[in-house]
Amino acid sequence: MVDKHSQSFFGKSSGLTIQSSSKNEAFVFLKCIKKKGDGIWEKPSKGEGKTIKCSLDEIVMILEVLHKRLENWSSYHNFNDIKTQISFKWENEKKEILYVNIGSYSKMLKFSQIEILRLLLNHMLSEKIEFATTSNFSEEQNGKQRAIKKTRSYEKKEQGSNSSVPSIRENIEVSEKPSCQIEGAIKNETQKALLITFQNDREYWIPKSAIRSSYVSHQENQQSFIIDTWLLEKNDLVSY
Numbered sequence: 158m159v160d161k162h163s164q165s166f167f168g169k170s171s172g173l174t175i176q177s178s179s180k181n182e183a184f185v186f187l188k189c190i191k192k193k194g195d196g197i198w199e200k201p202s203k204g205e206g207k208t209i210k211c212s213l214d215e216i217v218m219i220l221e222v223l224h225k226r227l228e229n230w231s232s233y234h235n236f237n238d239i240k241t242q243i244s245f246k247w248e249n250e251k252k253e254i255l256y257v258n259i260g261s262y263s264k265m266l267k268f269s270q271i272e273i274l275r276l277l278l279n280h281m282l283s284e285k286i287e288f289a290t291t292s293n294f295s296e297e298q299n300g301k302q303r304a305i306k307k308t309r310s311y312e313k314k315e316q317g318s319n320s321s322v323p324s325i326r327e328n329i330e331v332s333e334k335p336s337c338q339i340e341g342a343i344k345n346e347t348q349k350a351l352l353i354t355f356q357n358d359r360e361y362w363i364p365k366s367a368i369r370s371s372y373v374s375h376q377e378n379q380q381s382f383i384i385d386t387w388l389l390e391k392n393d394l395v396s397y
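Residue numbers in the sequence shown follow this note's numbering, run continuously in steps of one, and reach 397 at the last position.
It should be emphasised that the hints constitute simulated quantities derived from the structure, not laboratory data. Since the model is a prediction, treat every value here as computed from it, not as a measurement. Backbone N, C-alpha and C fix where the C-beta goes; we use that ideal spot for every residue, glycine too. Take the hints with a grain of salt, since some may be wrong.
Stated by the list, open to error - Okay, the calculated beta carbon distance ranges per label pair: (1) Q164 with T291: 24 to 34 Å; (2) T291 with F167: 28 to 38 Å; (3) S232 with T290: 16 to 26 Å; (4) H224 with E287: 12 to 22 Å; (5) N378 with N279: 31 to 41 Å; (6) N378 with E250: 39 to 49 Å; (7) L282 with D358: 20 to 30 Å; (8) T241 with V373: 18 to 28 Å.
Assemble the whole structure, with the sequences as input and the hints as a guide.
The following block contains the structure:
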């Protein structure tokens, strides 16, 4: 059994990707991109396209549509006070063509694509219910205590060696953690961290060990980062 899944559906001018970074995470990502006027596809790594995170509850409702038990389903996502509507809707009563809408992006899926999406979501839902809903409270608490001790020790060493370098809170606990996709631009970089300017114009030093996605260094343009959720929540960079 693999830990990660990713499947893309492309047409002439739009594309949809469903992605799961780990079976231990209780969500999946849906990404929509389109072809620009110059014929080049949008690149999520540059902050282009639209990405949303779907919870287990939302996966269940999407499957209700894919199983043709619902005509349509829609919901709103709120991130940084920006609301994005997501909807899955059959073209007509025959239920042969499905439209997936994420904000201003739309992707049409035909029978084979619909079937692949249905089977994949069914599989991921079963997988995540088994692995992402297990309670590890005591282990998490012990892990957090170990991480706090290591973080304090790390900060003392950094302050003693170079007072001009910003203090970086780095959790070096080795475990699988939930992560979240967020947009930002790299303003500065050291060997161990990136200074990222986020969409709300707030700047934070983010340890490279907490960044789970690839990124383009020395680029001030917007791009997508997948960062450990605990770090984003700690700095009030995500809202649910």
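Status of the hints after comparison with the structure:
1. Q164 with T291: 24 to 34 Å: Holds: the Cβ-Cβ distance is about 25 Å, inside 24 to 34 Å.
2. T291 with F167: 28 to 38 Å: Distance hint for T291, F167 holds at roughly 35 Å.
3. S232 with T290: 16 to 26 Å: holds (21 Å)
4. H224 with E287: 12 to 22 Å: holds (21 Å)
5. N378 with N279: 31 to 41 Å: holds (38 Å)
6. N378 with E250: 39 to 49 Å: At roughly 45 Å between Cβ atoms, E250 and N378 fall inside 39 to 49 Å, so the hint holds.
7. L282 with D358: 20 to 30 Å: For D358 against L282, whose Cβ atoms are near 37 Å apart, the range 20 to 30 Å is violated.
8. T241 with V373: 18 to 28 Å: Since T241 and V373 have Cβ atoms about 25 Å apart, the given range 18 to 28 Å holds.
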